[in-house]
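Asker: Residues per chain are reported as follows:
Protein chains: 2
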Amino acid sequence: MKKFDRNIYLSNMELHEAKKLFFDEIDKINKYVSTETIPTIDSMGRITTRAVFANSSSPHYNASAMDGICVKASSTYGADERNPVKLLLNEDFIYVDTGDPIMPPYDAVIMIEDVMEIDNNNVKIMKPAYPWQHIRPVGEDMVAGEMIIPSFKRIHPVDIGAMLCGQVLEVEVSKRPMVGLIPTGTEIVEPHDELSPGKIIESNSRVFENLVKEYGGISNRYPPVIDNMNLIEKAILRACDENDIVIINAGSSAGTEDYTSTIIKNIGKLLVHGIAIKPGKPTILGIVNDTPVIGIPGYPVSAFLSFEEFVKPLVHKFLSLKDKKKKLLKATLSKKIVSSLKHKEFVRMKIGKVEDKFIATPLNRGAGVTMSLVRADGILKIPQELEGIQGGKTVEVELLKDKNEIENTIVSIGSHDLILDILSNIISKTHNNIFLSSAHVGSLGGIMSMKRGEAHMAPIHLLDELTGTYNESYIKKYLKNKDMVLIKGIKRQQGFILQKNNPKNIKVFEDLLNKDLVFVNRQKGSGTRVLLDYNLKKLGLDSSLIRGYEREMTTHMNVASCVLSGSAHVGVGVKSVANTMNLDFIPIGLEDYDFLVPKKFIDTHMINNFISILKSQEFKDELENLGGYEMEDIQIVEV
Amino acid sequence: MKKFDRNIYLSNMELHEAKKLFFDEIDKINKYVSTETIPTIDSMGRITTRAVFANSSSPHYNASAMDGICVKASSTYGADERNPVKLLLNEDFIYVDTGDPIMPPYDAVIMIEDVMEIDNNNVKIMKPAYPWQHIRPVGEDMVAGEMIIPSFKRIHPVDIGAMLCGQVLEVEVSKRPMVGLIPTGTEIVEPHDELSPGKIIESNSRVFENLVKEYGGISNRYPPVIDNMNLIEKAILRACDENDIVIINAGSSAGTEDYTSTIIKNIGKLLVHGIAIKPGKPTILGIVNDTPVIGIPGYPVSAFLSFEEFVKPLVHKFLSLKDKKKKLLKATLSKKIVSSLKHKEFVRMKIGKVEDKFIATPLNRGAGVTMSLVRADGILKIPQELEGIQGGKTVEVELLKDKNEIENTIVSIGSHDLILDILSNIISKTHNNIFLSSAHVGSLGGIMSMKRGEAHMAPIHLLDELTGTYNESYIKKYLKNKDMVLIKGIKRQQGFILQKNNPKNIKVFEDLLNKDLVFVNRQKGSGTRVLLDYNLKKLGLDSSLIRGYEREMTTHMNVASCVLSGSAHVGVGVKSVANTMNLDFIPIGLEDYDFLVPKKFIDTHMINNFISILKSQEFKDELENLGGYEMEDIQIVEV
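Quick note, the sequences are listed as chains P and A, same order.
For the first sequence, UniProt numbering begins at 1 and goes up steadily by one.
For the second sequence, UniProt numbering begins at 1 and goes up steadily by one.
No lab work stands behind these hints: they were computed from the structure.
Among the hints, erroneous ones may be present.
What the hints assert, rightly or not - List time: in silico DSSO-like cross-link candidates among lysine-lysine, alpha-carbon distance up to 30 Å:
id	chain 1	residue 1	chain 2	residue 2
1	P	K324	A	K429
2	A	K537	P	K175
3	A	K600	P	K325
4	A	K381	P	K403
5	P	K515	A	K127
6	P	K326	P	K278
7	A	K491	A	K537
8	P	K322	A	K213
9	A	K72	A	K86
10	P	K353	A	K326
What the hints assert, rightly or not - Sample of chain P residues at the chain A side, in silico, Cβ under 7 Å:
id	residue
11	H134
12	V138
13	A162
14	G368
Just so it is clear, the structure is predicted and the values come from calculations on it, not from any experiment.
Cβ atoms here follow ideal geometry from the backbone N, Cα and C, with glycine treated the same way.
All chains, full assembly: derive it from the sequences and hints.
Answerer: The structure is reproduced here in structure tokens:
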């Protein structure tokens, strides 16, 4: 396919304008919410479309509130300890259980604990009853005609109980809209199909199905459609017949095989193609046969954000559900974010609470990085008119997680290692309500975060080129006035990560200068980079002669991935990663992988728990399992 | 039945002790959580029982990140505006769409916007590409072996997407426990059965079914069992066979027909019968055939609270789900609560935010008042060792509703009228995120709340005995130093509420002294009581001669209920209530029903909305519909 077959220019409509255009158009065709009357017992989670009034009072008769006897109050007057009043069964009193109806001539209940039995037919009492004592009068709970719940309210379990008490057996609620989901793309396959390069498992519609469920709609996923204009058109027309809302994913961009906008233009009304948001720009909004149709972009993060922005309010509109106010949290931005004037940007944020301050750090901003959504604690929306936000500024983040969970999270910023995943998992398993979140910015990045007070902990492994020792000299240099401790005891094997069977026969640092080789590097400030540069310098090797020295990855895993996929022949990283990815490994040396912690945090509940996990047998077993580590006694060393 | 057949003394074990005893016993018999492996696409909301690691990297091949052409970077070097580089199709470049795999010898992508087409086989470019530009390397999103989500995490939609990207097609999760629900009681009937006095619709198990769903379990309701020891025993044994947890409701107390504890003692292990909580004391905890069995009390509020206290953590235990920390809100207690040293008390609270202060007011504390749960914004737990809490103290309330909803609620405290339900419903319908909550404490109570700064608004109708005018003199007396306004314009008909066809032939106040008559009164401080006493005084009638003058109800509806159910022949109240309940009515007079508001609130968003609703046609129509009101122009009068 060629350039001229493509529609490469999308519009760049502002988000609020696109929403207004779309929802105004829907208002024209769909003015009335559909309602249905359903049994009260099946109404949990549904939204009332009119107020619910009690059909009957509750209790609907005068009921005994106690187990005991019911009496005529007037026949008990004058009773006291010295002059008990004697009462005759079926004449002066009858026995009642809680809930039994109280009928004339009886007008009071005496609890069983206050009744002394004389014989089978007679009892005595020591104090008088007052009229209506221990009787639940008709309507004590609710009175016929009283409102139980108002319109447009979500029905909770207790509401169902109350409606039944008021003899409301049916309730009018909004109909759940049916949302048709059409996955498209020649590249997508279903979960158990074979995967070859260029093919991917269709995952977006699986996220959508569950989001629709969360919103309160019914999802209706169609089988994937290949990139064929005719087939996609047929699928859309059918879906518009069978659903209240139709979603097409993907084909919303401007590639050779992106047909959606053209189809909607042909068979319906294309309202918007291209919105000034990032990710999510190539969103399509239209109407086909009076049905709202939304083209959602293909990148998973764009897909999620665009879906939340447009499909959620639309489903809520059908449900007559008020949009809840978003939960916002004020946090300090840990580093500068540059954004463009071309769009409003949605940045996934990791948030931690260090001392009294919430710190928000941007996660990977790539539209294809689903893990940025899995890891995100919130979304920062940067308005279009800002070119970015300075580090240190206070921002408002829309929360995706509980504030409570954020408050109980150990914030670790620093060097990457597989054991952080393992520690996070053991913490999740062992300790209620403590979590570990790790950001991977390299060892020096970790020390700088510590300096700015943005983390509880920084895993570091920085070699001092002069002394050949680890970490302490860096801390003394960068964190002069801070009382810090190192949690020491873990050593890990660093070395060359190589393709299986080492086809290029790499053995020593000198081999990296080989013109046939492509190397992949780590970022500046990472301990692994320091280790590499230290060795190159010691051997007098010129790094500019190494092909690929400029290509920087931020984790061991990404370095190993490059080697595995063939985009590099060699990189430097830890043995555990080479093991996990079944690659070859030649050791360079053993290094200290320490956890740097401000002294004031060392006795906190969270860090105490962390240390006890480092000392646990489970963690030792997991290290053993990974390979490439040596474990000594865990020690706390003041620096 | 007689006293001696009853087991009237329950134990009074402290809550934490009862929980420990019960859960320790369950740990003995049920050490391991059951797990199951299910398709990832069906795993929404389930809880992982082990960490989920990526089976494959994502992307699993080097993928184009753009629509454009892929090239060998080396063949583009040197390109600039004046010296464009010409590239030949299938030799120097090929066209690619986003997501297409990039294979050797190509190692860079140029976006289509930067490509100029010369003819069908040739393009030119104006700037060089650097290696790996616009290529998503293998593992950019996640790397094989990387943890996607840890153990014991609830699976969200985005997690499903990420797992599919990592080619994780199945996931190990905890099994949902099956909770058997056995309603018992000869008095209960199913929703569409006939209701006679003494019969009630079984509602508790319908609340339980939905609570179990909310907790994450599967509910399994059995048909109701009558109060027959043998039948209940059979039902329990069968349910213990078929479920992970068994709930019996009710029969947990000490009435003649409360068999549960005896049965559990006979066929299993009775651990606890009677817990020091209110409501909820007669809860039973036991084990039958290695299945936890809980006897839940019958009063709906006791039932709900006991269920939340015991069944929720039990279901969560089966699910390996961490109990979330409760959401607490600090609020000022609006009035004294007296509690007993005999139990920990759970008080349902209404919360409002007036200016910057959250104010918490206890709702009806009756164990049978389901509406107290429907209306509650939170629960205040008063420890056993406290005899009560003084008004004005700061308390921590466990929230049942969103703080946001509480913050956007108009707090009305004062006189009761049916129109408050109507206003609440119209507000709910018309205005996003504004709510109206009404507490009914009478007109004078409303003025006192205003004095203490606990409400935004007080509906009042207080007749000045001297002048015959309404409200203003009371405000001047009790709210001397406060700037207040009255929202005026609604007048309502007060009068005698009488049995249908007025069998006792009541016509004037003098008739109330008739010995054959039973009257029902309103509480002191209510405007209706003031109106009654004013008339009695004016006519020189002795109130002590009126039978039932001491029996006080707090709303018009409750007065009318007493008349309807025959426990009184006459009361004083508004015409709309008599109409709604189909009772007779003889007018006494028309009174001003005004809304008292501090002047500083009158221009707030919330009160503005309230006033616009008072002026709306919808409200006028509803008043017309109810009958008994006269509407004038709505006016704001400074007092």
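Asker: Against this structure, judge whether each hint is valid.
Answerer: We went through each hint and held it up to the structure:
In summary, the hint linking K324 (chain P) to K429 (chain A) is supported, as the alpha carbons are separated by about 15 Å, within the 30 Å threshold. This hinted pair does not check out: K537 (chain A) and K175 (chain P) have alpha carbons roughly 57 Å apart, beyond 30 Å. Taking the CA atoms of K600 (chain A) and K325 (chain P), the gap is about 26 Å. The hint holds against a cut of 30 Å. For the hint linking K381 (chain A) to K403 (chain P), the alpha-carbon distance of about 23 Å falls within 30 Å, and the restraint holds.
For the hint pairing K515 (chain P) with K127 (chain A), the CA-to-CA distance comes to about 26 Å; that is within 30 Å, so the pair holds. With a C-alpha separation of about 19 Å, the suggested pair K326 (chain P) and K278 (chain P) falls inside the 30 Å cut-off, and the hint holds. Taking the CA atoms of K491 (chain A) and K537 (chain A), the gap is about 23 Å. The hint holds against a cut of 30 Å. The hinted pair formed by K322 (chain P) and K213 (chain A) meets the criterion: a straight-line CA distance of about 23 Å does not exceed 30 Å.
Among the hinted pairs, K72 (chain A) with K86 (chain A) is consistent with the structure: their alpha-carbon atoms are about 13 Å apart, no more than 30 Å. The straight-line distance between the Cα atoms of K353 (chain P) and K326 (chain A) is roughly 19 Å, inside the 30 Å bound, and the hint therefore holds. For the restraint placing H134 (chain P) at the interface with chain A, the shortest Cβ-Cβ distance is roughly 12 Å, beyond the 7 Å limit, so the hint is violated. The interface hint given for V138 (chain P) is met, as the beta carbon of that residue sits about 4 Å from the closest beta carbon of chain A, less than 7 Å.
Interface restraint check: A162 (chain P) against chain A, minimum CB-CB distance 4 Å, threshold 7 Å, status holds. A least Cβ separation of about 6 Å between G368 (chain P) and chain A falls short of the 7 Å threshold, and the interface hint therefore holds.
Of the numbered hints listed earlier, those contradicted by the structure are 2, 11.
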